[in-house]
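Protein chains: 2
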Amino acid sequence: MIIGIIGLGLIGGSLGLDFKKQGHHVLGISRRESTIQRAISMNVVSQASTNMSLLSTAEVVFICTPLGFIIPTLEQLIAYLPSSCVITDVGSVKTPIVNAISPVWKNFVGGHPMAGSNDSGIEAARTNLFTDKPYVLTPVSTTTASAIAVVENLIGQLGVNIHYCSPEEHDKAVSLISHLPVMVSACLIGTCEKELDAQVHQLAQKFASSGFRDTSRVGGGNPELGVMMAKYNREALLMSLQKYRSNLDELVNLIEREDWISLEQILHSTQQARGKFVKE
Amino acid sequence: MIIGIIGLGLIGGSLGLDFKKQGHHVLGISRRESTIQRAISMNVVSQASTNMSLLSTAEVVFICTPLGFIIPTLEQLIAYLPSSCVITDVGSVKTPIVNAISPVWKNFVGGHPMAGSNDSGIEAARTNLFTDKPYVLTPVSTTTASAIAVVENLIGQLGVNIHYCSPEEHDKAVSLISHLPVMVSACLIGTCEKELDAQVHQLAQKFASSGFRDTSRVGGGNPELGVMMAKYNREALLMSLQKYRSNLDELVNLIEREDWISLEQILHSTQQARGKFVKE
Numbered sequence: 000m001i002i003g004i005i006g007l008g009l010i011g012g013s014l015g016l017d018f019k020k021q022g023h024h025v026l027g028i029s030r031r032e033s034t035i036q037r038a039i040s041m042n043v044v045s046q047a048s049t050n051m052s053l054l055s056t057a058e059v060v061f062i063c064t065p066l067g068f069i070i071p072t073l074e075q076l077i078a079y080l081p082s083s084c085v086i087t088d089v090g091s092v093k094t095p096i097v098n099a100i101s102p103v104w105k106n107f108v109g110g111h112p113m114a115g116s117n118d119s120g121i122e123a124a125r126t127n128l129f130t131d132k133p134y135v136l137t138p139v140s141t142t143t144a145s146a147i148a149v150v151e152n153l154i155g156q157l158g159v160n161i162h163y164c165s166p167e168e169h170d171k172a173v174s175l176i177s178h179l180p181v182m183v184s185a186c187l188i189g190t191c192e193k194e195l196d197a198q199v200h201q202l203a204q205k206f207a208s209s210g211f212r213d214t215s216r217v218g219g220g221n222p223e224l225g226v227m228m229a230k231y232n233r234e235a236l237l238m239s240l241q242k243y244r245s246n247l248d249e250l251v252n253l254i255e256r257e258d259w260i261s262l263e264q265i266l267h268s269t270q271q272a273r274g275k276f277v278k279e
Numbered sequence: 000m001i002i003g004i005i006g007l008g009l010i011g012g013s014l015g016l017d018f019k020k021q022g023h024h025v026l027g028i029s030r031r032e033s034t035i036q037r038a039i040s041m042n043v044v045s046q047a048s049t050n051m052s053l054l055s056t057a058e059v060v061f062i063c064t065p066l067g068f069i070i071p072t073l074e075q076l077i078a079y080l081p082s083s084c085v086i087t088d089v090g091s092v093k094t095p096i097v098n099a100i101s102p103v104w105k106n107f108v109g110g111h112p113m114a115g116s117n118d119s120g121i122e123a124a125r126t127n128l129f130t131d132k133p134y135v136l137t138p139v140s141t142t143t144a145s146a147i148a149v150v151e152n153l154i155g156q157l158g159v160n161i162h163y164c165s166p167e168e169h170d171k172a173v174s175l176i177s178h179l180p181v182m183v184s185a186c187l188i189g190t191c192e193k194e195l196d197a198q199v200h201q202l203a204q205k206f207a208s209s210g211f212r213d214t215s216r217v218g219g220g221n222p223e224l225g226v227m228m229a230k231y232n233r234e235a236l237l238m239s240l241q242k243y244r245s246n247l248d249e250l251v252n253l254i255e256r257e258d259w260i261s262l263e264q265i266l267h268s269t270q271q272a273r274g275k276f277v278k279e
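From first to last, the protein sequence lines are chains A and B.
Residue numbering for the first sequence follows numbering that gives the first Met the number 0, starting at 0 and increasing by one per position.
Residue numbering for the second sequence follows numbering that gives the first Met the number 0, starting at 0 and increasing by one per position.
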């Protein structure tokens, strides 16, 4: 198949490596000439260009730009494509993207490969990044069955676990397990850093160990990514934050009332519940 | 030196292993006969008993019981000891312990070795658990200089980094970097688990990955330990939780107002600040 990939970072680059290995012809687009050269030398693409016209022969295009560029990229892109071309994206928020693109391109299927790494950029691209990871597709009522089949077949070749849901369900789920942790974790760092007693602040820095390290990891991550989550998934994130705050209030209230039995019940239930979300 | 250790779990057992290796005579006390047998066979102690009278010849005693048993253990213990004996503890909260014990035993030095493991019990004991880790001592105005010197000298042999501060400063610092993360993390799990939309709840379980795993780790830990933190460090923890909540409110407010510039500034500052607390 002739596959176009726009945005040759960690995700786009890793898709290119896998698709090339499967024998597909991969056309890559990047805004930067240096990325194009690197993509060719790393064997991520068959051909690459800074000019989207390269994609005019593509049968399917993966938009792998940062979240904020997906819709503008699509708007530019469609001038070069026949309407039969299938378009999909890899954005980590789906509702605004699917709502904007579906009305203008019926062969569009929203997607979200849930594989990541602390590294980014084409240098971080690797084969089998997606193997055994969830890959969510969010088709809507107007999405053509043939477009779904094309994307499903291609990503199936990557060994992913495909999940289907509505864009809204996707966004609510990721607001809970991905975007809420970032905000919760950032607030933890902020609280420690803003400690006014200089001696306590210094001791906190010296004493912080694995518990603080793990709980603060995602809150110390890429600020631009955090803003994108909040901006594009604002409604679901605010709902999650409100629920979180009421849970926090309940916990504070138990500690104020010294209701240790109820606190222990809550901590027992969170200990049990965690195993349903992560295996360790 | 003749060293007594009461409570042969992870911390007490690991102290025993290191002190024996240094050539000290280690006397161990446990409530359970099976632990005594295990301690002898693991070479954690020179002699062990369920009866505290074994410690009558000890020059220094480490109380390594769970937090809630430190004060009652001390009350029992002192009947067997000459007043010259130095006593120290390893409790993770210091103010209530130091306030209770210092008036009755002038050779008492509050201590907190900040080394842990996900495992507990004597089976988890190992040599060099404390090497290069912070070990906090919290002497007060009535603590004898000789008692401080004895403890300082012994723990110095373990290769720890000794820090001195007041019990209150210790408790405020650990409330920020150790106890607050537990509550923040438990609330995250609770919020995800209480999601009422069954489909979203199920998707959240399927999609949860490394971000959720790390942020939820300490909130899914030992419930009894979580309650002990809250019970013994209640005042400092409540203060930390109140500051945390006001940080959270500020963040929610920015997202509600769509003030992305301020949100990005906050996330930049948390990214920067994290490096002062943990090295990664």
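Hints are computed from structural coordinates only; laboratory data are not their basis.
Predicted model, so just to flag it, every value in this text is computed and none were measured.
Treat the hints with care, since some could be wrong.
Copies of the same chain are indistinguishable here, so a pair counts whether it falls within one copy or spans any two.
Using 25 Å as the maximum straight-line C-alpha spacing, the simulated DSS-like pairs for lysine-lysine come out as follows [what the hints assert, rightly or not]: (1) K105 <-> K20; (2) K19 <-> K230; (3) K242 <-> K19; (4) K132 <-> K205; (5) K242 <-> K205; (6) K19 <-> K275; (7) K193 <-> K20; (8) K278 <-> K132; (9) K275 <-> K230; (10) K275 <-> K205; (11) K19 <-> K278.
Hint check, failures only:
1, 2, 3, 6, 7, 9 and 11
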